[in-house]
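Chemist: Sequence:
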Amino acid sequence: MKISDLISMTVKNLLRRKTRTLLTVAGVIVGTCSIVLMVSLGIGQTEALEQSISQMGDLTLIEIYNYNSNSGVTLNEETMRQILNMDGVKGGTPFWDEANMSLQLYSGKKDRYQMYLWNVRGIYADQLENMDFQLAEGELLPLETESGSYLKNKKVRLLMGNKMVYEFYDSKASGEAAYRWEGMLDANGNQLEPFVDVMEDELTLILRNEQYDEQGNPLFDDLRLDVEISGLLGSTDPNVYNEHSYSAYMDIRDLQQLYREYREAFELEDDENTANMENPSYRHAQIKAESIDDVEAVDQAIKDMGFETYSLNSIREPMMEQMQQQQLFLGGIGAISLLVAAIGISNTMVMSIYERTREIGIMKVLGCKLGNIRSIFLMEAGLIGFFGGLAGVGISYGLSYGLNYLTSSGAVNANGLLGSMLGGYGSGGSLSVIPLWLAAAAVLFATIIGLLSGFSPANRAVKISALEAIKHE
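Just so you know, my numbering puts 294 at position 294 of the sequence shown, and the rest follows in order with no gaps.
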């Protein structure tokens, strides 16, 4: 018997008892909808959780700390190279912020606008792109450091957080008029721009030493250096800020050179930093893994070296494990409905065999192979599962859209609806998410359930005696 004949006969048999077939398919639809919707709720909450954690920072970043003096290891150039050469590491940089200098930025006529640079940090300029530092404007620091001395007209190159531009104040004004902050409006309701456009205006960096003689006069003149802001770090969205928005960065070698020349110019004795400038040690570094999947292995490898680490992954992992358990629980609830549908398919096939016993006997007498008879009933059961699964997925998409619409419009409180079941994790985003793989898996699972439900009745049909079947009324 050809496959086309099997399909044709299967479809005719299903249409022979339309009501029974539709009711059986309806059972599969209910079961499929239950599984898909339950799992989609778990996926939606998982994505909301991922989104919430990602808003706290980059999930692929690992913070390294070198505060434990008893570990016997030092975070220096050698250990940084070892870490950067690890599998799964995309990039990384130490942060050198030991420079004890009084730094101020000046701009405008007669240095009218001023800003204190409290947080200038040295970093690996050649790792900025690998670290995915987000630029709001301009470009990253140049990879090659400029030769020469800062005391002899070498320009200071800075990478600045985009929120720092509002830290300039007007030294000629007083009270509130001396300051600008983000979102500040004028009398007409227009937003006021910062006093200084750091990308265009001329800037001067002043290094000052707070040493005075007995009459209160400074012992040294201020050092005035030209400054170039290569770019502004941060999001292009003015309402978003990150850890770099309020920091300034220099290439680590340039900052160390500036610190060394600062101490020489003001005749300061060498401190711990200048004494170890050839092989400096760092208190803090940041490593970026290739992907979230690499974070755990890289984090453990760094810990094995003796360093203390921290990453958002340490928060994410236990939460994700709990969410996976909840997804299994929700999927199990839906699977009960599909199990009931499987019993319905099996019952339908048993009744079909009982009604078609004589037909089965005639097929056997005419020489129809037992495998073909089995295939007919298996195909009927499989088609019931397939079409039920297909319709169930379609209805699930509609119900999912409805749930998401109700929650987004505020008609339904998602946290109240699922708070106790999902532990209150996740907020925002879609309540129900049905990815393509879930839809395909649901249809496949429903089809397999149909085939398994029809296996026993199909074998029963094969075992019916041809002579007894012909006598059956």
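No wet-lab data here; the hints were simulated from the structure. Warning: the hint list may mix true and false statements.
Derived BS3-like pairs: lysine-lysine, alpha-carbon spacing no greater than 27 angstroms straight-line [claimed, not checked]:
1) LYS303 to LYS369
2) LYS369 to LYS12
3) LYS152 to LYS109
4) LYS152 to LYS110
5) LYS154 to LYS109
6) LYS109 to LYS172
7) LYS154 to LYS90
8) LYS155 to LYS90
The model shown is predicted, which means the values in this text are computed figures rather than measured ones.
Chemist: When the hints from earlier in the document are held up against this structure, which numbers fail?
Modeler: Hints 1, 7, 8 contradicted; others consistent.
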